[in-house]
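*Asks:* Using the hints provided, position chain B relative to the given structure of chain A.
Number of protein chains: 2
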Amino acid sequence: MANKDISRAVIRRLPRYFRYLGELKDVGVEKISSQDLSEMMHVTASQIRQDLNNFGGFGQQGYGYNVSYLYDEIGKILGLDQKHNLILVGAGNLGRALAGYTNFEKRGFYMKGIFDVNPALQGTKIREIPIMPMKDIPEFVKANNIDVAVIAIPKAAAVEVAKILVDCGIKAIWNFSHVDLDIPDNVMVESVHLSESLMRLSYNLNQYEERHGKKG
Amino acid sequence: MANKDISRAVIRRLPRYFRYLGELKDVGVEKISSQDLSEMMHVTASQIRQDLNNFGGFGQQGYGYNVSYLYDEIGKILGLDQKHNLILVGAGNLGRALAGYTNFEKRGFYMKGIFDVNPALQGTKIREIPIMPMKDIPEFVKANNIDVAVIAIPKAAAVEVAKILVDCGIKAIWNFSHVDLDIPDNVMVESVHLSESLMRLSYNLNQYEERHGKKG
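Read top to bottom, the protein sequences are chains A and B.
Positions 57 to 272 (the working numbering) are the ones given, in order, by the first sequence.
Positions 57 to 272 (the working numbering) are the ones given, in order, by the second sequence.
Just so you know, the hints here were simulated from the structure itself, not pulled from any lab data.
In this text the structure is predicted, and so the values were computed from the model without any measurement.
Treat the hints loosely; a few may be bogus.
Stated by the list, open to error - Each computed DSS-like pair below joins lysine-lysine, with the alpha-carbon atoms no more than 25 angstroms apart:
| hint | chain 1 | residue 1 | chain 2 | residue 2 |
| --- | --- | --- | --- | --- |
| 1 | B | K211 | A | K81 |
| 2 | B | K162 | A | K211 |
| 3 | A | K162 | B | K211 |
So here's chain A without its partners, still in its complex pose (with noise of 0.2 angstroms):
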């Protein structure tokens, strides 16, 4: 695939052209001009030009985007369309919402096996999907070619977990936990830090209050 170049600013928007594409494909539309697209989503024209010409689709001036075309080559630039297997550690609240997370499968990740420590879930099922011991972890990813894991506990345990989920070959941590995993190179890591958003909501609501007053 020939986006080696491509910039680190334009793949960070990627996922959100993914999302606007799914949904016109959704609905049935098969083609928008960058115009349209720019009022969709409150970025301009011109940006959005830039960014989609990395990868083709566009037809003729006064044609626009093919839907479906541009949906389908921003997915498998983002590697949508490979598979992989992966396991959830933590079935607390958070890991009990991220199980039922129907999107894994649309997006190629396929959960197979959840750990939690509390014995009572363990011979439970999510989905179908079995809980079991944190022990069994390293033989249950090698056993089935696990490569993701999905880390959703508390951040003194995680930091433990994610080592020896690096031991065992983990290659990708999408990570929950309050803390930034300290981990090799070749081993990527997502993190979803909640704390931190919330307080740049509250940032922006103070800020906005110190402007306007309370009542804003």
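*Replies:* Using the frame of chain A, we list chain B on its own:
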């Protein structure tokens, strides 16, 4: 507060400083050099000095930063010393995970009510917080001085609910629905798009595999 001229980039980094300073404070560290903080956070010491010099709280050369003072100052800038009442819309798996999220109170956000379309849930409680029908939102928001809403419902419903929330005077929305909410500028929105985060993970994982082969 004289922080009108702090750049957006610095603001975006503040929650992470706050998190690290909080951890240091929790284990009793009173001061830290920019060099030590740099090693912990994997950010250059010069970046840290530039960022934190925006807020004072740095002692003499060779003393380092006063952890507790800086933690409090950054907390104030983030507005974490302010109190806000919030409601949660959506008591599905993700909503339940968020309702159990104990960081809300620590950051000054008090969950007063939960709303869901499922009649079976109405009248029940999560952590002593009552679950009510959606139609009660406007009255509840006004009666309880609610200024923040957390939305964790499917995207089609989210657009409609956001309009209702704006109409009844909500000032900020923490959005977990899979959609960009198109609401007035005077209402702050902070979105957590899990799907986009998963796609970034997918992209990085597949790029790595393309460069190094499937077996990493």
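*Asks:* Next step is simple, just say for each hint if it's right about the structure.
*Replies:* So, going through the hints one by one against the coordinates:
no.	hint	verdict
1	B/K211 <-> A/K81	holds, 16 angstroms
2	B/K162 <-> A/K211	holds, 17 angstroms
3	A/K162 <-> B/K211	holds, 17 angstroms
When each numbered hint is compared with the structure, no violation occurs for any of them.
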